[in-house]
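Protein chains in written order, with this note's numbering: chain V, 1 to 771; chain C, 1 to 771.
It is worth saying that the hints were derived from the structure and are not from the lab.
The reader is advised that the hints may include incorrect statements.
Just some of the chain V residues that point at chain C, by a computed CB distance under 10 Å [to be verified]:
hint, residue
1, Gln184
2, Pro323
3, Thr334
Derived pair list, reagent style BS3-like, types lysine-lysine, alpha-carbon separation capped at 27 Å [what the hints assert, rightly or not]:
hint, chain 1, residue 1, chain 2, residue 2
4, C, Lys366, V, Lys324
5, C, Lys181, V, Lys399
6, V, Lys324, C, Lys324
7, V, Lys399, C, Lys124
8, C, Lys324, V, Lys124
9, C, Lys766, V, Lys324
Only part of the chain C face toward chain V is listed, based on derived beta-carbon distances under 10 Å [to be verified]:
hint, residue
10, Ile186
11, Thr218
12, Ser219
13, Met220
14, Gly268
15, Asn294
16, Val337
17, Gly683
Note that this is a predicted model, so its numbers are computed, not measured.
The beta carbon of each residue, even a glycine, is placed where N, CA and C say it ideally should be.
Number of protein chains: 2
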Amino acid sequence: MPIKTAIFYLLIITSGLFISCDKANNNGTLVEDISAFNNAVSNAKPGDVIILKNGIWKDAELIFKGEGTEKKPITLKAEIAGEVFIEGVSNLQISGNHLEVHGLFFRNGHSPSENVISFRTNEKEVANYAKVTNCVILDFNNLERDQDNLWVQFYGKHNELSNCYIAGKTNGGPTVRVDLKGNQSIRNFHKISNNHFGPRPRKGGARGETIQLGSSFTSMSPSNTTIANNLFEECNGEVEIISSKTNFNIIKNNVFYKSEGSVVTRHGNYVTIDGNYFIGDGVNEQYGGIRIINTGHWVTNNLFYKLKGKSFRSPLAVMNGIPKSPLNRYNQVTDVVVAYNTYVDSSSPWQFGVGTNIAQADVLPKSEIRSARPLRTEVVNNVIYNSEGDPNPIIEHDKADGVTFESNIIYNNGVAIANDHGLIAKELSLTEIGKDLSVPITGFDDVVIYEGFDFESITNDLLGNSRNESNKIGAILNAANVNLDLLDKSKYGAYWFSDVKESKEVKTFNVKSTEALVTALNEAESGDIINLINETYQLPKSLVINKTITIKSEGKAEIIYNGAASTPAIELHPYGKLTLQNINLKGTTTQFAFASLKENMSNHFGLAVIDSEISNFNYALKVYKQSFSEEIIFKNTTISNCENGIELSEETNDRGDYNTEYLTIDNCLFTDIKQNVIDYYRGGYDESTIGGNLLVTNSTFTNCGAKEQNKTLLNHRGIINVNITKNTFENNPVQFISTLWGAKNNVASDNQISNSGKIATEENLKQKLMY
Amino acid sequence: MPIKTAIFYLLIITSGLFISCDKANNNGTLVEDISAFNNAVSNAKPGDVIILKNGIWKDAELIFKGEGTEKKPITLKAEIAGEVFIEGVSNLQISGNHLEVHGLFFRNGHSPSENVISFRTNEKEVANYAKVTNCVILDFNNLERDQDNLWVQFYGKHNELSNCYIAGKTNGGPTVRVDLKGNQSIRNFHKISNNHFGPRPRKGGARGETIQLGSSFTSMSPSNTTIANNLFEECNGEVEIISSKTNFNIIKNNVFYKSEGSVVTRHGNYVTIDGNYFIGDGVNEQYGGIRIINTGHWVTNNLFYKLKGKSFRSPLAVMNGIPKSPLNRYNQVTDVVVAYNTYVDSSSPWQFGVGTNIAQADVLPKSEIRSARPLRTEVVNNVIYNSEGDPNPIIEHDKADGVTFESNIIYNNGVAIANDHGLIAKELSLTEIGKDLSVPITGFDDVVIYEGFDFESITNDLLGNSRNESNKIGAILNAANVNLDLLDKSKYGAYWFSDVKESKEVKTFNVKSTEALVTALNEAESGDIINLINETYQLPKSLVINKTITIKSEGKAEIIYNGAASTPAIELHPYGKLTLQNINLKGTTTQFAFASLKENMSNHFGLAVIDSEISNFNYALKVYKQSFSEEIIFKNTTISNCENGIELSEETNDRGDYNTEYLTIDNCLFTDIKQNVIDYYRGGYDESTIGGNLLVTNSTFTNCGAKEQNKTLLNHRGIINVNITKNTFENNPVQFISTLWGAKNNVASDNQISNSGKIATEENLKQKLMY
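Just chain V, with the same shape it has in the complex:
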């Protein structure tokens, strides 16, 4: 070793010794605990690298402050990317300039503060030119659904979240928010790019966005945030996947894959939504497209593929505004451009006047009436292709008389179109451009392009081809050498993390005793089956369900629960998704058959009861406040001799929340249920919450509702989608079977009713204003 080099190393080692006992070399300073970390941070100079030692960092509140330079940022990284686990009550706060964070994995915990990763350390100290990259945040949920927080909160300017995998948020609050309060955070030019936003389960109510850019209170501010090249997969939190609430944002080249929501220009103006893929399955009506509110947005070069969303979730939903709207409500749509988009097999892709509620003027204050139609809006140079013809590609909830339609074409498989607004019929065919992706590309070269104001700024197509030379309408100019794989995970998320679950063999535990049942429940992995061999099981304590489990029997085994009053035979914990099949579950009148936890329901539960019998309980199902299930189903099941039936009605703070997205009762028999036979509640006037969903079908209700205080058998006040069909109601001592909400999607049909009250309809339900 030459002398100079030796001295160099010596110096480094020495300096390492000075700052702590941690190892230091020219690759950085390795720190093993929080105090060493803090020490390293406080001494960090431009170019320094602070390395977190592999392993679990529990209850770590990491404050990363520093002053790097453009050429010499200060870096915080994992010893090995993906092998540093931030767990317990932990978070990361960053402030200063030119800082980078690499390779951390947030899991098995939650944040002590209002965010998991924050680009500031206090109100005055924000981060600029800081980057969080190749990190993962997974299921890092607060203990209660109502404890809202954010997982990544941007402040400052020129910060970046890139190549991260982020999934599983179930508590309230957007996954990522850009905050603009204060001049230090406007014109921020943040970048959110190449991330994989994995599944975000349905939250049940509002405050479940994946990304929110600002808030109505900063909706006048220039943000200039770019969201580009991300994959949004099953981002189902609520109706808005991205809620843009500030000005001049750019949403470009993202893939929205089977995500139950839309990109919404909720507040703010002049947002560019260019070159994105919105991919559905041709079936699910929850997958949305782009919903437009406010002024000056440009929607260009996007592909809408097999979307079946309606109204708020239609591929293009242009809303009515409120005249002179309050700051936090709906401004009129003006000066919007929708050009060069392609719509393939998407139902009624263009909808205008969405959200008009003139009919509800009696129950809503004037400041809630959306009667202001779009103005100076251009819908031009677009292509629609329908394998199955759509008689109504354009729906006007209110008149689109402020919209210019020009140079739009449609292939409609011969089906006549009502209200075509000049759509030009063309014979088109599909060209394959990648995996499960075919679009019309040829057959309309002759269509004269509408040249709107500033259209020369639309320089490229969806694939990046230049529009300068041989331009034409639609999102894609040509498909030569194109073979897209939109789900190619190598382009998104952390390189070291895969969300692909290895397929596991399902294990079946045959149990003969209650003890064996409890042991099996502990030992089983998610997805396993417990098979009850014996005929009868005496159960003295609640069974805990905290994973995906099936409990079944061949011969309808009997479980007799004799635990304490007001405790459940089966207790549904976070992640607990139970299928109970062919079981006869009995209580001794004072207990609950199924219940969620009273608190700390930090993740969703699920319940399917099939071919079973539930009897002699106080409650068949008791779901506590802040508990949420995506689906609850009772099928081919008898529920009898209970004081209460199925209760999901504790979300009474009227913020739009509810306890299950879907409640399905199919081919069941309800007998002698005294009250709360079915009680499913959503409260609060919130036009953009479009759940829950109640289906009651092929079922029979007899002698139920005797103690129901409001004299109604099926209580579902505020639930948006209700279908009561093909049931039999006999001898139920109530006044009403149900009161349907006429203005929403509440319907009843083919029910047989005798001596059971009637099905009423209330057109406009009075609701507490949420805003």
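Please build the complex by placing chain C on the supplied structure of chain V, with the hints as guidance.
This is chain C only, laid out in the frame that chain V set:
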């Protein structure tokens, strides 16, 4: 002449012959009439010059469309600048690119359309890179005050209004408006520079701005308009001189000289107000400064000099907002910076929570209550100098708890300060920096400068000195070699026009007969005096006043009007400003003493009645709708035996309008006036209209109001400033002398009342909402 040159000239002459009979040479095409003009316009090529022949162009609707280039604009100019007069029913519309207009004089007429000069020719065709320069618009008013219009209306982008003189607008509507409806007019980067905005008389009510940038309906749009280096002189139209209603405008280096209003960030955000001079006279309380609403404005390097405006018109008025304000009302102030300004001899220069109206919650809807205080606002690095100490330099109408005060200093001549928010007391003196202009410059080098976020962008001081090297607080770094003349007209307006009126010798016409009186009235010039020599004049027809005239006598000459019923003895026409002194004016009970025109009051009138007697009329003064006077005064005058007194109450459409700015009754005697003794009305809830002004003092009212329907002697409903003081009320058969509006500036004092009802107060007047 070389052959080539000869051919060149021949070609030009020939081409001139081809297009019309107008003369053409290499300096341009001279056109004599509108058809030649139209022909020249339709043939114009880049670089062409179209020359309007000298003289009067009557009823000329000029449409100037063309496609010039950056290097070769198409020019429309006067043959000699200032000698082409656009008169009658005329206007100018411009569209296309790179166009210039020079040297036109709009006078003696009005526009047939909604604007005099428009930067578009129809909804689709706007102007870009067009310039109107060295033009004059003078008194080009519509015939009625309520016929709102604009004198210059901007559309498109990159247009300019420069070096123009514009004055005398009396009808409704801003003098200049920038219109942003449509993407073709956003981010417009228009320039309004080096203009002289001459006197705009008080309009009486709203809609009298000198410049309006957009409207609430486009308040979300980026405008990027610059208003720079203009002189605003006596721009008294209403409370807002400049009403900025869009985003990112720049208001820089202007002089606001004795202008009764403020620069107001009415809607929109992120406006820069830098390096302006606000000059008052130390007396007039109508001269305002800067009033702040909304988000992100920067107020820097401004000088506020001898301003006495209060509340809405205080030098710095920071308003309270309405929580979640409707689009057209008041957003909360957030993220505003007020730095490096200097305030000299300006009363209570900083006022916060201006416009708070929490106390009026009973009479106003919730959506009108301004209770949202400023947030995240910085008032720093400012200098205040008070020759006479001001005990309250900071007034908090509502708490300024969201405002940071740092590094502000004050010289207060030893007077103690309440509520100083950390103001640092300093001993300062004034340095003369120009004509009638002295400011504190030294004595505070030691004050530590507050370095707010992005403050490095404040690179210069008011005079253009760099702040990079030896920065300090206040608007001016040093005064070396500075000798400002803010009113140096060579820097503003059209070079060929002067608004300086030559002083004229006042001529006195001594008249002995009615015929001579009428003849003299015709012959007199504005400012002249008519002296009545005889004792009595029988007047069979109305005297017409259409200029500034004094009619007087030495021995109280008697004018007996015996014209038709309901006609006035003296008819006040547009521009008619009469002083009647020492005259005994009598009617025969059915006529009016004074009246305005019923229609076509295209300009203001004025009336002063001094040392006179008015008797035996139906009305003493009848002012019709849409007539307006800046001042009406009755002094040392008796009004007796009239059915009606002084009536100014026809502005009943409740849009905030009224008929006179000031009505003064001083040392008068009212006897036997049956009704409408004084009837002065303003209607409509409009917090920013702060007139009219009624002063009734030292006067005696006897036997008045017998037929007054509402049993009130002095009716002044809706008038903001009322002072009833030192009067005697005797034997007036009314219930109330007056009902004062408690929440506004209505006061009464030192009145002697016997057998005349009482003076009541109504704290909150119910008013019709204007918005």
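Results for each hint:
Here the hint on glutamine 184/V is kept, as its CB sits about 5 Å from the closest CB of chain C, short of 10 Å. With a least beta-carbon distance of about 8 Å to chain C, the hint placing proline 323/V at the interface is held under the 10 Å criterion. Checking threonine 334/V against chain C by beta carbon gives a least distance of about 8 Å; that is within 10 Å, so the hint holds. Distance restraint check for lysine 366/C and lysine 324/V: the Cα-Cα separation of roughly 15 Å lies within the 27 Å cut-off, and the hinted pair is therefore satisfied.
For a cut-off of 27 Å, the pair hint linking lysine 181/C to lysine 399/V stands: about 20 Å separates their Cα positions. Taking the CA atoms of lysine 324/V and lysine 324/C, the gap is about 12 Å. The hint holds against a cut of 27 Å. Taking the CA atoms of lysine 399/V and lysine 124/C, the gap is about 22 Å. The hint holds against a cut of 27 Å. A threshold of 27 Å between alpha carbons decides the hint, and for lysine 324/C with lysine 124/V the separation of about 26 Å falls inside it, so the pair holds.
Among the hinted pairs, lysine 766/C with lysine 324/V is consistent with the structure: their alpha-carbon atoms are about 23 Å apart, no more than 27 Å. Contact between isoleucine 186/C and chain V, as hinted, is supported at the beta carbon level, the nearest pair being about 7 Å apart and thus within 10 Å. The beta carbon of threonine 218/C is positioned within 10 Å of a beta carbon in chain V (closest approach about 8 Å), and the interface hint is therefore held. Because the smallest distance between the Cβ of serine 219/C and any Cβ of chain V comes to about 8 Å, under 10 Å, the interface hint for this residue holds.
At about 5 Å, the closest approach between the beta carbon of methionine 220/C and any beta carbon in chain V falls short of 10 Å, and the interface hint on this residue holds. A hinted interface residue such as glycine 268/C counts as satisfied when its beta carbon comes closer than 10 Å to some beta carbon of chain V; here the least separation is about 8 Å, so the hint holds. Checking asparagine 294/C against chain V: minimum C-beta separation of about 7 Å stays under 10 Å; hint holds. The closest approach between the C-beta of valine 337/C and any C-beta of chain V is roughly 7 Å, which is under the 10 Å cut-off, so the hint is satisfied.
Using the Cβ-Cβ criterion of 10 Å, the hint placing glycine 683/C at the interface with chain V is not satisfied: the shortest such distance is roughly 21 Å.
In the structure shown, a violation is registered for the earlier hint numbered 17 alone.
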